[in-house]
Amino acid sequence: MKFLKFFLIVIILFPLSSINAEENDKRNKITKNLRCLICQGQSVYDSDSEFANSLKIVVDKKLQEGLSEDQIYEYFKIKYGEWILYDPGLNKNTYILWLLPILIFLIGGAIIYKSFIVKK
Amino acid sequence: MKNKILPFSVIIIFGIIFLIFYKGLEDSKIYTPDVTTKKKIPVFNTKEFFSGENVKSSNIFELDKVYLLNIWSSWCVPCRQEHPLLMSLNLENKLNIIGMNYKDNLKNAENFLKELGNPYKEIFIDLDGTIAIEWGAYGVPESFLIYNNEIIKKYIGPLNQELVDEINLLIK
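Those protein sequences? They're chains L and W, same order as listed.
Under the numbering used here, residues 1 to 120 are what the first sequence spells out, in order.
Under the numbering used here, residues 1 to 172 are what the second sequence spells out, in order.
The reader is advised that the hints may include incorrect statements.
20 Å max Cα-Cα, derived EDC-like pairs, lysine to aspartate or glutamate [said to hold, decoys possible]:
| hint | chain 1 | residue 1 | chain 2 | residue 2 |
| --- | --- | --- | --- | --- |
| 1 | W | Lys38 | L | Glu82 |
| 2 | L | Lys79 | W | Glu150 |
| 3 | L | Lys32 | L | Asp60 |
| 4 | L | Lys79 | W | Asp128 |
| 5 | L | Lys62 | W | Glu134 |
Everything labelled a hint here was simulated from the structure, so no lab data went into it.
Given these sequences and hints, build the entire structure.
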């Protein structure tokens, strides 16, 4: 009987805690990608400032409301601008940032190909 | 041909990098938040400061009136500095000053108002700072000039005489 009770408790508690953990992971992931705008070089996740603490509460609230990660980013982007995101999207201000590495990689590859492989 | 491509592409790559860095030189190094874009004010529910009654944001801000929303707190030192300016702005009676009490102890906040005077037409409270986030605020003190439910201008940090003159010009 005791064993049965224990078993029931485990069954009841286990999925709940895993759901909680999942939500926590999501929250941490989101707050790590949000810049603490009044701190220097810290994410909201790392910071303990008033601003960051309030932001964490808002992220929690939005998650509870059922908003997806992208919707939450969009929400903060509207409120504070692109700067709040650590991972900026591709747009007219950031295209160099995204395309330059590919460009350099291609040019570098072409140089290597021309000067080493074709030589053989 | 082989010999020409290499120096040519090196020059091009350095040219591109130079251009990007040169462009970067002209940009401001300090992050300056956008303070002029017109945005609708957020909708929220909160509590009135003195009575503790629930209030809706739509009941605080009416159309066709100019408001100055001031985020303040008794623990914030710059708020103390700007308070006399708010008092004098209130005396001129051209705009309605609304206070948002930010993450404060209510007793301390009441003492603050007793000591320095109350320039606010209405005060509501933001205990956990989430309403300030809705407004896109960074901290205390911060002020928003509002007309027709739109944020006309945002003042981050304490107000000074220069900014008060600017507000007076804007609401003329």
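Checklist entry - Can the restraint linking lysine 62 of chain L and glutamate 134 of chain W be considered satisfied, given a maximum Cα separation of 20 Å? => result Given that 20 Å is the threshold and the Cα spacing comes to 12 Å, the pair holds.
Checklist entry - Within a Cα-Cα threshold of 20 Å, do lysine 32 of chain L and aspartate 60 of chain L meet the stated pairing? => result 14 Å, holds
Checklist entry - Quick one, are lysine 79 of chain L and glutamate 150 of chain W close enough, alpha carbons at most 20 Å? => result 14 Å, holds
Next on the checklist: Just to be careful, I want the Cα atoms of lysine 79 of chain L and aspartate 128 of chain W compared with a cutoff of 20 Å; is the pair within it?
Outcome noted: Within the cut-off at roughly 18 Å; holds.
Checklist entry - Is lysine 38 of chain W within 20 Å of glutamate 82 of chain L, Cα to Cα? => result Holds. Lysine 38 of chain W to glutamate 82 of chain L sits at ~17 Å (cutoff 20 Å).
Of the hints listed earlier, there is not a single one the structure fails to meet.
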